[in-house]
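Here is what each chain is made of, one letter per residue.
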Amino acid sequence: MKLTRQKTWVHRNEMVESIILEDGGKIRFYSHSYLVRNKGSVWTPYVTWDNWDRQPHVDKFDGTGVLVEQKPCNEKCLEEVLKLVQIFRKNLLTMELSQL
Amino acid sequence: MKIKILKRRKAADIEEMIAAWSKQYGSLNSLQQKVLISKCASPAQMNDFILWKNLSQGAEFQDIIIVRDPDIFEVLSPRRVELLEYLMNNDVKSIRTLAAALRRNYKNVYDDLKALSKYDLVDLNARGRSLRPTAAPARIEVIFDG
Chain A
1 MKLTRQKTWV HRNEMVESII LEDGGKIRFY SHSYLVRNKG SVWTPYVTWD
51 NWDRQPHVDK FDGTGVLVEQ KPCNEKCLEE VLKLVQIFRK NLLTMELSQL
Chain B
1 MKIKILKRRK AADIEEMIAA WSKQYGSLNS LQQKVLISKC ASPAQMNDFI
51 LWKNLSQGAE FQDIIIVRDP DIFEVLSPRR VELLEYLMNN DVKSIRTLAA
101 ALRRNYKNVY DDLKALSKYD LVDLNARGRS LRPTAAPARI EVIFDG
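Line order of the protein sequences matches chains A and B. Note that the working numbering has the first sequence beginning at 1, numbered continuously upward. Note that the working numbering has the second sequence beginning at 1, numbered continuously upward.
Hints were generated in silico from the structure; no laboratory data involved. Be careful, since some hints might not be right.
Here are the simulated DSS-like cross-link-like pairs (lysine-lysine), alpha carbons at most 25 Å apart as the crow flies [unchecked claim]:
| # | chain 1 | residue 1 | chain 2 | residue 2 |
| --- | --- | --- | --- | --- |
| 1 | B | 93 | B | 107 |
| 2 | B | 114 | B | 10 |
| 3 | B | 118 | A | 7 |
| 4 | B | 2 | A | 76 |
| 5 | A | 71 | A | 83 |
| 6 | B | 10 | A | 7 |
| 7 | B | 4 | A | 2 |
| 8 | B | 53 | A | 2 |
| 9 | A | 2 | A | 76 |
As the structure is a computational prediction, the values presented were derived from the model and not from experiment.
Please build the complete structure, drawing on both the sequences and the hints.
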């Protein structure tokens, strides 16, 4: 088993935190969270893509850390997530989950 | 351009991480229950559960930081890079001993450490009444990838 935690800073107060668990080259679990640091220096999740329970889905939060919506989606690799995050950043909160 | 930072994780660091989760959540089972009930409402808890479960089973662990934010160059001044290199090569007991070793003012060293810690480049761990600075990375790479 190989476990990788990667924090990718996209801006001073914005990052994507990823956890990837691989077994024999196959990804068993992934979680990519777009987090924003607020004034109290607390990291708040905005959008998360993960395959918890082997069901790839996307979760949207309300900007204060409360989960508001969850939808199934295709498996997402970190590069795809970074691309979305770098283009849309905080606007991800206003987007339709089906577009993500 | 991106900066890739490989974090040093010794067995003792992993033991410290597990002890911190144990203090925060009680046991791995209670954390698992929380994650099952909340159904992904807390990505931090889900990540902690995956890390705790697999690290305690001896999974190989890689801890990486990638910085794509050009503002990092405001943080990485020559003085701070010198400080970081010193920490990567020496064990330091406190900020005061670090300031003395670098022949620099305590407050300036403290401010530099705080700035570096914003990008997780240094860890500041409380030891008694003082803070013990350690360099988080084992290696830092600057990559120009077009």
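Status of the hints after comparison with the structure:
1. B:93 with B:107: holds (16 Å)
2. B:114 with B:10: holds (23 Å)
3. B:118 with A:7: Holds, at roughly 13 Å.
4. B:2 with A:76: Between residue 2 of chain B and residue 76 of chain A the Cα gap is close to 21 Å, so the pair holds against 25 Å.
5. A:71 with A:83: holds (20 Å)
6. B:10 with A:7: holds (19 Å)
7. B:4 with A:2: holds (19 Å)
8. B:53 with A:2: Measuring from Cα to Cα gives roughly 12 Å; hence the hint holds.
9. A:2 with A:76: OK: residue 2 of chain A and residue 76 of chain A at ~19 Å, within 25 Å.
The structure is consistent with each of the numbered hints, conforming to all of them.
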